[in-house]
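Participant: Read off the chains here:
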Amino acid sequence: MSQDATSMIEAAGVEHRYEGVLALHDVSVSAPAGSFTAIVGPNGAGKSTLALILAGAIRPTAGRLLLDGADVTERAGRRGLVEAGVALIPEGRRLFGQLTVDENLTLGAFGAGAGRAETARRLAEVYGLMPEAVRKGKDRAVATLSGGEQQMVAIGRALMARPRLVLIDEPSLGLAPILIDKVYETLAMLRQTGVTVMVFEQLAVKALQYVDRFAVIERGQIRHQGLASDPDAREMLRMGYMGAEAA
Amino acid sequence: MGDLPAVIASGLVSGSAYALLALGIVIIFRSTDTVNFAIGDTATLAVFLTTSAMAAGLPPAAALVLAVLIAGLAGMATERFLIRPLGAGHKSLFIALVVTIGLGLIIHAVIGVIWGQRPIVVAPVATGTVRVFGVALTLNKIIATGIALAAMAAIAWLFRFTAIGVAMRASAEDHFAARIIGIRPTVIASLAWFIGCGIAAIAAFFLAADGSANANLTLSPLFRAFAGVFLGGLTSMLGAAVGAFTIGVLDNVAGRYLSANYRDTIVFGIIVAVLFIRPSGFLGAARKERV
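Chains as they are written, first to last, in this note's numbering: chain A, 3 to 249; chain B, 1045 to 1335.
Just so you know, these hints were derived from the structure itself, not from any lab.
What you were told as hints is all true, and nothing was included just to trick you.
Facing chain B, from chain A, some residues (calculated, C-beta under 10 angstroms):
| # | residue |
| --- | --- |
| 1 | G58 |
| 2 | R95 |
| 3 | T108 |
| 4 | A111 |
| 5 | G113 |
| 6 | R118 |
The C-beta atom is built at its ideal place from N, Cα and C for all residues, glycine as well.
Excised from the complex, chain A in its bound form (with noise of 0.2 angstroms):
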């Protein structure tokens, strides 16, 4: 996963601190076109704050972010690089609680500048995509909603913006196992479609059933990277980092 010419993002060498707190440090890491990652990693080995990086919302203290090869870093930290096709679903889903599904979807196409027309098509298609209970809830606010719904939401609210990289954070995290693979299963089904898919995951063991690579993060440190399919690489992750945490 180094320096690749393909990368579609990639973050070089990428040092971040919260008010002088090394919270990454010298972090490199890509992800090709087309591909789906997994940055896996324990509770507060800065994968959160990976995320925001890479998706361009907050500017690294140190080191470069590159979006096709191009240096984006100037660009980050205002709006993010919702226009350049990257989506991010953020920590928490950060959903608007108090909008409805149908408010919350329609602004994830008008923030990324979709018109009125080409919004009501990607409506159309995104909830081909909702579980019933979404579709049949258009107007309830999206606090009323089950865990696993607003996951969903916060999915096709980063699809309306019609995303060529789509970055979740915990996408599992407060959901019950039979939903996790649902939500796997989407983002495998979005993948399928060409979008470049990158997961930032406590639960290593679920995100390497479905991805094609990862990253293991530690203490804002990246540790090790790999295919998914490499046998070594599986044996590693689970004696250096699963075996600490299951123990």
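Using the hints, position chain B against chain A.
Facilitator: Showing chain B alone in chain A's frame:
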């Protein structure tokens, strides 16, 4: 108590001015977390400028539109050049508060310098009296209330049915989430300050059209608007409007039946009691920390 309907009607009429000011305060607060204490003075300045134009022959309807535009643009400029450079964060929110108080004092002084301390005479938009459900109201006040209600309906429509209005509500709920899905915070802020100060100008325009205006035109109404805002909850637009109308009625009822001298004391005493029981107001949400 035979005149109770008249007292309540009169309260609702004054309440409509308070409601516009209250809505202005809340719309601005929700967009930038800033309580704009200069809103009343900004609106007053716009009205003084347009009454001068009216005296020179500008028709009242055009003058009203002009006042809204002037106040709206002044509000936008305030946000752009005085508030935005302060940056985000709690420390700057307190500074922003002081900045708006200072701006209000400056505008107040400027009005005094240009137009003098004596009230200027303003012609009513319309003359005559109409009886509504047996209550005599001046046509001027009926028009004022009608336009205020129409403005509130327009705002409700904007926030409910337009994409930018929904985006403004989204941004009010979660600035960060709105930003990361691509909603421009600067656009939201500019628009909110324009609308907020613009509708305050509608209130100020009809307060002046009651007969006369001086630099303190919006002083007492703004106090009542703030009371309405806190009564309804600082974050709820509906709550602010309901709160402001409540204050208008309470104020009139207290003034008529209890004591004209102590109406302020009575009204604010009731507000303190309400907030003691429900600190976030009728409809306000408990404030959440934002990242």
